[in-house]
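**Student:** Those protein sequences? They're chains A and B, same order as listed. All residue numbers for the first sequence refer to this note's numbering, where the first residue is 6 and numbers rise by one. All residue numbers for the second sequence refer to this note's numbering, where the first residue is 16 and numbers rise by one.
Don't take every hint at face value.
Here are some, though not all, of the chain A residues that point toward chain B, as calculated from beta-carbon distances under 8 Å [what the hints assert, rightly or not]:
no.	residue
1	I36
2	A37
3	F42
4	C102
5	I135
6	H166
7	T167
8	V216
These are calculated hints, taken from the structure and not from any lab test. All C-beta atoms in this analysis are idealised placements derived from N, C-alpha and C, irrespective of residue type, glycine included.
What follows is each chain in one-letter form.
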Amino acid sequence: MNGPKNMNAHERARLAAEQAAARKRDQRILIAVVAAFVLLVVAAGIGLQAWRTNRSPSVAPSSSVSASPVTITNGQPIVLGSAEAPTTITLYEDFHCPHCADFEEEFGPVITQAQESGSARVELYPMAFIDEGSAAAANAMACAAEAGFGQAFYLGLFANHTLQWSDAQLIDLAAKVSGASPSEAFKTCVTGTAHADWVSSINAAADKNGVAQTPTMLINGKSVDIATLTPDALKAMITNASQR
Amino acid sequence: MSASATTEPRLAAAARWVSTGARLVLGGVFLVAGGLKAIDPQSSVAAVRAFKLLPNSLVTIVGWALPFAEIALGLLMLAGIATRVVAAATAMLLIIFILGVVSAAARGLSIDCGCFGGGGEVAPGQTAYGIELVRDLGLLLLALWLVWQPRSRLALDGFASARIGASQ
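Start from the sequences, fold in the hints, and give me the full structure.
**Tutor:** See below:
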């Protein structure tokens, strides 16, 4: 032992015990500091996400697709674009489905372009199975289509897909994409979920049509494999379908 | 307290480098996984909801919190602060993930674990539970190694008092 010669066994034991206690105390402080750090980061993260999902929507990409009002019929999709368009693109999407937002980011511009050029129209089945926000957004989508700004609202919903879609956010989005203060009719349509039955009927229709996942896309009734699709391939598909 | 570097057994030196690798891999994976999920809170919540294990009232908060817990643990792990404590927390989180995936597979759910963002329902037959489990088990092994051998190179633990954090 290299301790002082005059240190007896008793003192050595006491010293060791003190050191062990100090070690334990340090360990406890360290655990507390680490836990505090993790909790702080988590709390800041929750605050950040709460802000991100509750803030007001930003403006959506503009689109010149025809803005004539649409009639909402139970079990029937919302039609966006010219009724004379030779190609029909059928879309089953949930406004809160992450893969739908990815799909829209990648292929939305191609589809919008086809709608604008009059070569395709979109039959939209806005399904609602992810959360309350999905249903609220699907209902508001029907309200917007009825009011004649369905296309712009559709693009706005996906451009702001991280929002939770409270009534206030949906009405705010309508004001931003339509460039005017939304009518009272639109507001009550959103706050009173006027198309709740239609939203359920769309879910039922999707089920009946054998749609098991979103996004699902059909071109002139033929299912398209989205996993291997590229924007150029989609463009070619729409052109081919339109020439038949 | 510790033996000097010259007399340190080679095996212990090698273990420290293994621990360094384990720390960097675990920390990197957690940081990336947390970051990818934190980008899209809606996806993260949807991924948690898809497991159908938590009541709706908890889904949102867990979906928001989990990515940041991963980021915090990843940063501590990369820095090598309180390695044993952080590794134990990481191992616990991984065990929860593994149980989640096992239970999803056992209940026949068709979901993507959303481990690196995305997540939610996928078509039946597009699930990848096997790969997800092997990856999580591999990460769990690394975490358990670090609980056993927390001392490593390139770690802030080494600068702190030698007694704490990585002490035996």
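**Student:** I'd like to know which numbered hints this structure contradicts. Please list them from smallest to largest.
**Tutor:** Numbers 2, 8 - these are the hints that the structure violates, sorted from lowest upward.
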